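Chemist: Read off the chains here:
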Amino acid sequence: MTTLGGVALYVVFALSVYAVGASVVAGRRRDRKLARSAANAVLAAFAGALVAVAALEYALVTHDFSIAVVAEHTSRQLPFQYLLTALWASQPGSLLLWLTVLSGASALVMVQNRRRNRELMPWVTAVLGGVMIFFSTMAAFVSSPFQKLAGAVPANGFGLDPSLQNPYMAAHPPTLYLGYVSMAVPFAFAMASLVTGRSDARWLVSVRRWTLVSWTALGVGMLLGAHWAYVEIGWGGYWAWDPVESAALMPWLAATAFLHSVMVQEKKGMLKVWNMVLVSAAFSLSLFGTFLTRSGVVTSVHSFVQSAVGPFLLGFLALVIAFATGMILWRLSSLRADHKLESVISREATFLFNNLLFLALLFAVLWGVVFPILSEWVRGVRSTVSTPYYDFFLVIFGLPLLFLTGVGPLIAWRKASASSLLRTFRWPAMSAAAASVLLWLAGLGSSPAGLTALSLCVFVTVTIGLEFVRGTAARRALSGDPWPRAFVQLVSRNRRRYGGYVVHLAIVLLVVGITASSAYATVSERHLALGQSMRIDGYTVTNEGPVQTKEQNSITDRVRLAVSRGGTADGELDPGIRLFTDTNDQRQSNEVDIRTSWTTGTDLYAILQGIDQNGRGVTVKLLVNPAVSLIWLAGIVFLFGALVTVWPDPREARMLARRYAGALTREA
Amino acid sequence: MSTALAALAAAVLTIAAVVFVAWPFVSAEREPAEPELSETDRRRLAAAERRDESYQALRDLEQDFRTGKVTADDHRLERDRLRAEAGAALRELDHLDSLSQQNGSEED
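Residue numbers (this note's numbering), protein chains in the order written: chain A, 28 to 695; chain B, 4 to 111.
This is chain A alone, in the form it adopts within the complex (with noise of 0.2 Å):
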């Protein structure tokens, strides 16, 4: 099966090179024919990295312990599901799942435009397949999944890092690699529109569509990363501001500020440039997060060994930005501004707004990540860039674009009168500042920036509350209908505008979790004796003996933990340190354990520090974090809201079909 593998991989590259020199060829011919031969090779390309990825799972399941990924991340004793999912676990076999994802992306984007965008088309595909090169290159020629183990081949392999031991491994990565690598999507689509000169609406639509595709599958990526952090790594927290946490949140905020300003460009036909730039940058940052965990260049729990794909990575991100720039540079006369900004009090200006913010949280971020870097480099010394830095850069750009998140909404297109300002704004003003007072008195006054976070919380909610009621109404007016088939033809004729208020009320989920169990958690670690208790916000927590259970591949030794509050039984907590049997270095890892209130949403978090040598005592860290399930309700608000804005508009594409063949058929 390596030599199925590695075949397949060459077949890849090779199939790569010919998509980019035919469709250049077809781009500047116009030869239909050869731009399909292009299109089919990407296509081809697809099936051959799948067939890579069954060579290397056939390898995983079947303990082949010649191939090195295998030997190195897998043992006998390792749980089936494990065995599949360690595909990812190591630097070459997450290599092979980019170029599949990629290749995915590309080929449904090649099936996507069999009859549209043909101009384009050659061009984009020159640019997936550019990128295809390149993955393929490392993939097959520099860090091949396939590599033979060197010395003597073991009967069995080293085991597989236990903080991957868990069924979140399943959906983050590939969720994540989602994320990053159909960002090439909307960079290829936009350098064909500068190679072409075509900058019209058609090519927005589909760097919209796919865009949102990213943005969606990285949001939900990151926080299926916090939650694995949060049941798995085992602090008590879901988010530390690791460099590679960090990474997939930079092209994230780039993203995010292009789904805004594109909306300007959509509507008033300006930011053009501007939108050019957010599509490279949101394609290039993806670049640099897969660099930062590839290299080995910054320490953490994410990232691999020091290796010689990282100098690869950088060279292709420097060739990639050098070209977007060129590009931009080469077509600026055509990326004029139609209009100019007439009001700063405009819904254009709330989002040029938004971008400046979301940029300049994006560069504070970059620069946490990389100033370690740099002052290696520089001095020889790795300085750190702690929480509290990032914590303030989020305060400060964060609660702006929180207050922006409500104001957006209520204004209106070009220009907005301060007495249509005063009507609009006057329930949620008055909303939020009642909250505030509320939120005081009930104690919540200790952090300024959580009851400030808060407030505008309660903000924004008013603020999508009234955009649902009076554009309900207001349907309800014209046509007649009752409430519910109003508000559904409300939605379902709008659904950019209300599936992003719908991801706007997940932003305000996200926020109130994020902020409660940060600024209002409660933590206490103590040594309790067999039978001894603590308290903790309520919560009266006692130590009833050690368990300890097997597994495939493990040993894992529990405190079963009695919790009662207001003197009624509450369950139990049995929070453990599990002992991995079939890793060389008998690896341990925290297993926690949580007990969530449904009804506010607050987790009891108990975390096993240590145990007595006579297996009776314990040491255990306690943590109430209040609210905090709702950041994973936001995930699922998010993925609604976001499936409502991507979700085909009909409409729409008989518009855009009708507005072009108006144009085109008189050609002939």
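The set of hints was computed from the structure by calculation and includes no laboratory data.
It cannot be assumed that every hint is accurate.
Calculated pairs, EDC-like style, for lysine to aspartate or glutamate (alpha carbon to alpha carbon, straight line, at most 16 Å) [as the list claims (entries may be wrong)]:
1. A:K442 x B:E65
2. A:K442 x B:D76
3. A:K294 x B:E88
4. A:K577 x A:D609
5. A:K442 x B:D83
Quick caveat, the model's predicted, so the values are computed rather than measured.
Could you slot chain B onto chain A? The hints should help.
Modeler: Chain B alone, transformed into the frame defined by chain A:
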């Protein structure tokens, strides 16, 4: 899987890829070269885009007015401006159509 079988599978994969890539050249499906967009076509597309943008902006304006974001005075002024923009785009489309017809009759 034996090495020979794997090599055979690899050969089949390679041949299948070559056939699939070459298929557009040997298939009977007719694929004429795409015509170059003329300057008039591009202008017509741009005018149609401006017309549709104006229509969309009018729809947005009506929605903003009905939900209380725009005053009656602002609504009237903006509606007249957008109607004028849509009218200008429609006139340009008519002009381009008549140009195309003239060129067509001259060629005849």
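Chemist: With reference to the structure, classify each hint as holding or not holding.
Modeler: Against the structure, the hints:
1. This hinted pair checks out: K442 (chain A) and E65 (chain B) have alpha carbons roughly 14 Å apart, not beyond 16 Å.
2. Proposed proximity of K442 (chain A) and D76 (chain B) is supported: the alpha carbons are some 12 Å apart, at most 16 Å.
3. Distance restraint check for K294 (chain A) and E88 (chain B): the Cα-Cα separation of roughly 13 Å lies within the 16 Å cut-off, and the hinted pair is therefore satisfied.
4. Straight-line distance between C-alpha atoms of K577 (chain A) and D609 (chain A) comes to about 13 Å, which keeps the hinted pair within the 16 Å bound.
5. A C-alpha spacing of about 15 Å is found between K442 (chain A) and D83 (chain B), which places the hinted pair at or below 16 Å, so the restraint holds.
Of the numbered hints stated above, none is contradicted by the structure.
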